[in-house]
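Construct the complete structure from the given sequences, taking the supplied hints into account.
Line by line, the protein sequences are chains A and B. Quick note on the working numbering: the first sequence kicks off at 1 and runs consecutively. Quick note on the working numbering: the second sequence kicks off at 1001 and runs consecutively.
To be clear, the hints were calculated from the coordinates, so they are not data collected in a lab. Please note: incorrect hints may appear among the correct ones.
Below, simulated PhoX-like cross-link-like pairs (lysine-lysine); rule was C-alpha separation at most 25 Å, straight line [said to hold, decoys possible]:
1) LYS1134(B) with LYS236(A)
2) LYS1003(B) with LYS1116(B)
3) LYS1158(B) with LYS1225(B)
4) LYS1002(B) with LYS1033(B)
5) LYS1225(B) with LYS236(A)
6) LYS1017(B) with LYS1033(B)
7) LYS1033(B) with LYS1003(B)
8) LYS236(A) with LYS1116(B)
9) LYS1033(B) with LYS1158(B)
10) LYS316(A) with LYS1134(B)
11) LYS1183(B) with LYS1114(B)
12) LYS1134(B) with LYS1116(B)
13) LYS1112(B) with LYS1158(B)
14) LYS1116(B) with LYS1158(B)
15) LYS1257(B) with LYS1003(B)
16) LYS1183(B) with LYS1158(B)
17) LYS1109(B) with LYS236(A)
18) LYS1225(B) with LYS1116(B)
19) LYS1225(B) with LYS1183(B)
20) LYS236(A) with LYS1114(B)
21) LYS1003(B) with LYS236(A)
A few chain A positions that, by computed beta-carbon distances, are all more than 10 Å from chain B [stated by the list, open to error]:
22) ALA63
23) ARG72
24) VAL110
25) GLY139
26) ILE150
27) THR161
28) SER171
29) VAL229
30) LEU232
31) ILE241
32) PRO244
For glycine and all other residues, C-beta sits at the position ideal for the given N, C-alpha and C.
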Amino acid sequence: MSAITFEKALEAGAAAAVAEPAVVAVARSEPAASAASTASVASSAVPVARDGGAPSPKPESRAGEWLRAAARATLPPAIGLAVMIGIWYLATLSAGGSLPGPVQTWEAAVKLFADPFYSNGPNDQGIGWNVLSSLQRVGIGFGIAALIGIPLGFLLGRFATLSSMVNPIISLLRPVSPLAWLPIGLLVFKKADPAATWTIFICSIWPMIMNTAQGVTRVPSDYMNVARVLNLSEWKIFTKILFPAVLPYMLTGIRLSIGTAWLVIVAAEMLTGGVGIGFWVWDEWNNLKVEHIIIAIFVIGIVGLLLEQMLIAIAKRFSYE
Amino acid sequence: MKKFVQVEDVGMRFDTKKGPFVALRDVDLAIEKGEFIALIGHSGCGKSTLLNLIAGLTVPTDGVLICDGREIAGPGPEREVVFQNHSLLPWLTCFENVYLAVERVFGAKEGKPKLKLRTQEALALVGLTHAEQKYPHEISGGMKQRVGIARALSMQPKVLLMDEPFGALDALTRARLQDELMKICDATGATVVMVTHDVDEAVLLSDRIVMMTNGPAATIGEILKVELPRPRNRLELAHDPRYIDYRAAVLSFLYEKQAHHEKQAA
Ligand SMILES: Nc1ncnc2c1ncn2[C@@H]1O[C@H](COP(=O)(O)OP(=O)(O)OP(=O)(O)O)[C@@H](O)[C@H]1O
Ligand SMILES: [Mg+2]
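Structure below.
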């Protein structure tokens, strides 16, 4: 399976995963509209992150050329954004005040970001703290997944028997929504916070195992022949051939993992509560501060975009061709 | 003279989805120490297969291969391969690519400064001192090929196996590298087996030209002994009647005796 189809499959899986709390939301006897807002969190994060990869303007010698190039690069996205805000504005007009418009949201945002790091007890903290604690959960869950998933991927790629032993299990578990694992986490850890981290661990381990393993099997046989002809030791093969050859695949796995983890954390936190952007969205819904939910959607999108850009930059740094 | 590499009744059968495919049969060849052998034949006849067998990258399904009195069971440091596509590791500089090989062969006995010196010498030999710190994607195809040759030579192999090492190069670079290779072989006395498609190259470089019949089930068709004095000069040889005869002999083998199989084999 190529990395691209794999990526698509994952996105579909993650989107499905995030859409699931809709069912829970209805069970909690909340308006069905919440299902729509939950789904839009999922769908907004992905396209924003993809568009971010557009090439930046090339340096030109003459100022005029440069200006024109800059305009060409910035104008279309700006127009797109303006159109989006326009549609949003028109939509709020026709919705008759139930949906906050751009101006209202902007004013709320200015107030909100004036003090992002206040703390009035565990249930009332600034948006900064909420984002940071979500990121922390993602970091811990993802980190543990990387520590286990990457070495496991190398082993699966290197040893065919092991791979045929483990592959059926992976194929069985990978399509399962990570949120289905949440109750298991709650049962084992008896606390909400590690349970959310556990969910992140589950959802981010698969892309790393699969991409790393695929990278190992895709190492060009030429390089392995070099290793054989030079009669390199297993350690040298790993450090000089396997690891550098697999690194790009590994980074793709990491990128997919973090992207999925960021999608899932919002949903997981809605279910577990505590401090976190997902919980914050839920809380603001209970307070009927819909403009805050819209702000949260933007914040989640922007954080996801930054994470993706950061990992793309790292991957570029380590690409050798 | 003592035979250094012996290929005895070797056959190679590949198990494919459509059933067994016999690539080579009854290949018999004895190579002397210091001899330069060119392997020539139409595409797909099994030249690379034979070279890989001598390298020990694959094991024959029939017969046996011997190097220096011992059966070839796998790749060994005394037999070094220059791959058709140079096979440099793209994440290592030219220096590091060669150093990896040097370290493997001499690392146990020699210190780092000596190993570095060996690496520099090998790169100097192919005229690439200035490109030591460059990465493979920063140098030209011919330079990559030369790094591949430097890597093989740096290990001071007793047998140098080259699979169309100059195949992808322009005529000028190719001629220069051929001259360099002849000098290196004179200096080190290495035994060389070189796969080539180029008749001129085969006659210019080799002591014997091994001509293979078309596949499937290819074998050695003829062996031509090239008795031109060394050192050889390409310009002088161009008008040498013996050179022209050798050339004609190889061409006639390829395009008369083996020509009618060509379509069948492809
Ligand atoms: N691993 C393999 N499995 C099946 N068939 C193979 C395998 N390797 C080679 N062959 C077949 O053996 C024959 C000889 O292949 P080989 O690569 O040795 O040809 P060659 O003489 O080197 O050709 P060229 O000059 O084009 O490089 C071909 O018909 C090829 O299809
Ligand atoms: Mg070949």
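Taking the hints in turn, this is what the structure says about them:
The suggested pairing of LYS1134(B) with LYS236(A) holds, with an alpha-carbon distance near 21 Å, which does not exceed 25 Å. For the given pair, LYS1003(B) sits about 34 Å from LYS1116(B) by alpha-carbon distance, which is inconsistent with the 25 Å threshold. Simply put, LYS1158(B) and LYS1225(B) have alpha-carbon atoms about 22 Å apart, close enough for the 25 Å limit, and the pair holds. Distance check on the hinted pair: LYS1002(B) and LYS1033(B) sit about 7 Å apart at the alpha-carbon level, within 25 Å; holds.
Straight-line distance between C-alpha atoms of LYS1225(B) and LYS236(A) comes to about 42 Å, which puts the hinted pair past the 25 Å bound. For the suggested pair LYS1017(B) and LYS1033(B), the alpha carbons sit about 40 Å apart, so the restraint of at most 25 Å is broken. Between the alpha carbons of LYS1033(B) and LYS1003(B) the distance comes to roughly 7 Å, so the proposed pair stays at or under 25 Å and holds. With a C-alpha separation of about 18 Å, the suggested pairing of LYS236(A) with LYS1116(B) holds against the 25 Å cut-off.
This hinted pair checks out: LYS1033(B) and LYS1158(B) have alpha carbons roughly 8 Å apart, not beyond 25 Å. A distance of roughly 19 Å separates the Cα atoms of LYS316(A) and LYS1134(B); the hinted pair therefore holds under the 25 Å criterion. Note on LYS1183(B) and LYS1114(B): the hinted pairing holds, with a Cα-Cα distance of about 24 Å set against a maximum of 25 Å. Under the criterion of a C-alpha separation no larger than 25 Å, the hint pairing LYS1134(B) with LYS1116(B) is consistent with the structure, at around 16 Å.
Straight-line distance between C-alpha atoms of LYS1112(B) and LYS1158(B) comes to about 24 Å, which keeps the hinted pair within the 25 Å bound. Restraint check for LYS1116(B) and LYS1158(B): satisfied, since their Cα atoms lie roughly 21 Å apart, inside the 25 Å limit. Among the hinted pairs, LYS1257(B) with LYS1003(B) is inconsistent with the structure: their alpha-carbon atoms are about 29 Å apart, more than 25 Å. Pair hint LYS1183(B) plus LYS1158(B) holds up; C-alpha atoms about 16 Å apart against a cutoff of 25 Å.
A C-alpha spacing of about 18 Å is found between LYS1109(B) and LYS236(A), which places the hinted pair at or below 25 Å, so the restraint holds. Of the pairs offered as hints, the one joining LYS1225(B) and LYS1116(B) is violated, with about 40 Å between alpha carbons and a cut-off of 25 Å exceeded. Taking the CA atoms of LYS1225(B) and LYS1183(B), the gap is near 20 Å; set against the 25 Å cutoff, the hint holds. In summary, the hint linking LYS236(A) to LYS1114(B) is supported, as the alpha carbons are separated by about 20 Å, within the 25 Å threshold.
Taking the CA atoms of LYS1003(B) and LYS236(A), the gap is near 35 Å; set against the 25 Å cutoff, the hint is violated. Even its closest Cβ contact with chain B, about 32 Å, leaves ALA63(A) beyond 10 Å, as expected for a residue assigned away from the interface. Look at ARG72(A): its CB is around 30 Å from the nearest CB on chain B, clear of 10 Å, so calling it non-interface holds up. The beta carbon of VAL110(A) sits about 49 Å from the closest Cβ of chain B, which is more than 10 Å, so the claim that it is off the interface holds.
Remark: the non-interface label on GLY139(A) is consistent with the geometry, its nearest Cβ contact in chain B lying 28 Å away (cut-off 10 Å). Distance to chain B confirms ILE150(A) as a non-interface residue, since its nearest Cβ pair spans about 18 Å, more than 10 Å. Every Cβ of chain B is farther than 10 Å from the Cβ of THR161(A); the closest lies at roughly 20 Å, confirming the non-interface assignment. With 10 Å as the threshold on Cβ separation, the claim that SER171(A) sits away from chain B holds: the shortest Cβ distance comes to roughly 25 Å.
For VAL229(A), the shortest C-beta to C-beta distance to chain B comes to about 5 Å, within the 10 Å cut-off, and the non-interface label is violated. Not every beta carbon of chain B lies more than 10 Å from that of LEU232(A), the smallest distance being close to 6 Å; the non-interface claim is violated. With 10 Å as the threshold on Cβ separation, the claim that ILE241(A) sits away from chain B is violated: the shortest Cβ distance comes to roughly 7 Å. Here PRO244(A) does not stay apart from chain B, with its beta-carbon only about 4 Å from theirs, under the 10 Å limit.
Of the numbered hints listed earlier, those contradicted by the structure are 2, 5, 6, 15, 18, 21, 29, 30, 31 and 32.
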